[in-house]
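**Student:** Sequence:
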Amino acid sequence: MLWQCWISASELGIVALLCCVGAKRPGPVQLFVLNWSAPDVTGYRQAVTRFVADLASSDRRLEPEGVAVVARAHFPQTRGGITFCEARDFSAVQAFVGPWMARYGFTYTIDPALCDQDMATYLDSVKHLR
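Mapping to the working numbering: the sequence shown position 81 is 120, numbers consecutive.
Misleading hints may appear alongside valid ones.
What the hints assert, rightly or not - Okay, the calculated beta carbon distance ranges per label pair:
hint, residue 1, residue 2, range
1, Gln85, Ala134, 18 to 26 Å
2, Gln85, Ala107, 21 to 29 Å
3, Arg84, Val165, 25 to 33 Å
Note that these hints are calculated values from the structure, not bench results. Every residue, glycine too, gets a C-beta built ideally from N, C-alpha and C.
Could you put the whole structure together from the sequences, leaning on the hints where they help?
**Tutor:** Take a look at the structure:
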């Protein structure tokens, strides 16, 4: 699946839009949205400093097997951010989040999501219920 991601700022805050385009993904893959935040400004600064160092060293803990990061955006004004990722199941995403919580001190919410094509398929499958 090819992904297009737009992230824009507005007076209402940061808005991230994700839509999938192109051929179907091989096998069943679920899109997940991870909203993450640091508990305070000091914790956020320490976490971001460590994260940047980990990125520079290509630390594989940042993206374990079974999870593909589609897009990530940082929101320094709210000490957090959002990550879009794909995985075959929730347990892989939980395995992805666990080390981030331990290493960076972030808290997370994890939501399964549907891209445009998957939403259209879902709506078509339940149209008889309307």
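**Student:** All hints, please: hold or fail.
**Tutor:** Quick rundown of the hints versus the structure:
no. : hint                       : in the structure
1   : Gln85 / Ala134: 18 to 26 Å : holds (24 Å)
2   : Gln85 / Ala107: 21 to 29 Å : holds (27 Å)
3   : Arg84 / Val165: 25 to 33 Å : violated (46 Å)
In terms of the numbered hints stated before, the structure departs from hint 3 and from no other.
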